Amino acid sequence: MSDQPNYDDIISQLQEKYDNIDQDTDDHLFGLLYSKPITYWDYIQTDALLNLQIQRTTLPDEMVFIAYHQINELIFKMILWEIQQVAQKVQLDVAFFESKIMRISRYFDMLTTSFNIMREGMEVEQYMKFRYTLTPASGFQSAQYRMIEFASTELINLIDYRFRKTIDRNTPFEHAYEHLYWQAAGKDYKTGKKSTLLVNFEERYKGDFIRFMQTYNTKNLWSRFKELPEEDQKDEDLVKAMRHYDYTVNITWVMAHYNAARHYIESGLGDGEATGGSDWKKYMHPKYQKRIFFPELWSQQELDNWGENI
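Each residue of the sequence shown is one higher than the last, beginning at 0 in numbering that gives the first Met the number 0.
The hints are simulated quantities; they were obtained by calculation from the structure and are not laboratory data.
Treat the hints loosely; a few may be bogus.
Straight-line Cα separation of at most 16 Å, EDC-like style, residue types lysine to aspartate or glutamate; simulated pairs [said to hold, decoys possible]:
| # | residue 1 | residue 2 |
| --- | --- | --- |
| 1 | K128 | E177 |
| 2 | K88 | E177 |
| 3 | K164 | E148 |
| 4 | K218 | E81 |
| 5 | K233 | E177 |
| 6 | K192 | E177 |
| 7 | K286 | E301 |
As the structure is a computational prediction, the values presented were derived from the model and not from experiment.
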């Protein structure tokens with residue numbers, strides 16, 4: 000019987016585990032006895048995932064559009080998961096910080112190159128037909144992307160550049176929210192009237208955004224970077240990783256999105272307007288709003304020329 004495995008050590012560890020959470024080990028072992036073995040499709044929830052693509056038209060390429068954007072949202076979730084770990088890390092060090100920044104950057108690198116799927120993967124004629132069924136919805140309304148921005152930098156760096164001098168750390172979050180750079184895509188600043196695009200977005204997410212802004216006010220990536228010892232803030236690999244992330248998100252990825260949108264919107268087959276009715280060129284192109292997460296990691300010349308000549 001010496002060839003029989005000895006489970007005493009594993010049982011002891013299980014008992015310790017369940018004792019620590021005031022649970023009966025026997026109950027959990029009986030649960031294992033009667034539970035079904037896991038399968039790939041159950042673990043990944045494949046059936047549920049593949050039933051989330053609901054077309055509004057009969058045009059085949061609409062499936063590409065839906066699935067692609069759902070994939071983006073899954074990637075955004077993974078990015079937020081990585082940022083959260085940096086935000087909550089008690090003893091933050093350079094190695095941990097850099098590894099997380101590079102993970103996030105790789106996700107955005109993938110998102111950037113994937114825009115070819117959008118640009119070359121749909122017939123222009125089909126897109127210009129099914130896009131009208133999306134009005135007034137828009138990719139502008141990705142709440143997770145807004146949360147990535149809030150979690151990446153201090154709020155002042157997301158304020159419309161026209162109003163930054165009027166806002167500081169004592170400004171109420173509600174007021175700051177009304178002057179975020181992307182408000183310009185859905186608000187007439189002369190009249191103050193908001194588009195349906197923005198009204199719908201805020202009805203669903205404004206409360207969540209305000210709470211998220213408060214949570215990440217001092218825990219965003221830029222604030223956490225500035226908490227590091229001065230010597231660590233000069234670490235070449237970390238600074239390189241931060242700059243890469245900033246440039247990828249706010250120039251490379253944005254321009255890939257911009258060029259994909261222009262490919263369809265300016266095809267001559269439609270009215271030249273975005274589905275949400277926004278001034279999409281000025282909203283999307285980085286040279287106008289100069290979205291920069293980590294401004295002190297760039298030279299003045301780089302800041303002045305942000306988004307130019309691309």
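Check your understanding: Taking each numbered hint in turn, which are not upheld by the structure, reported in ascending numerical order?
Key -> Result: hints 1, 2, 3, 5 break, sorted rising.
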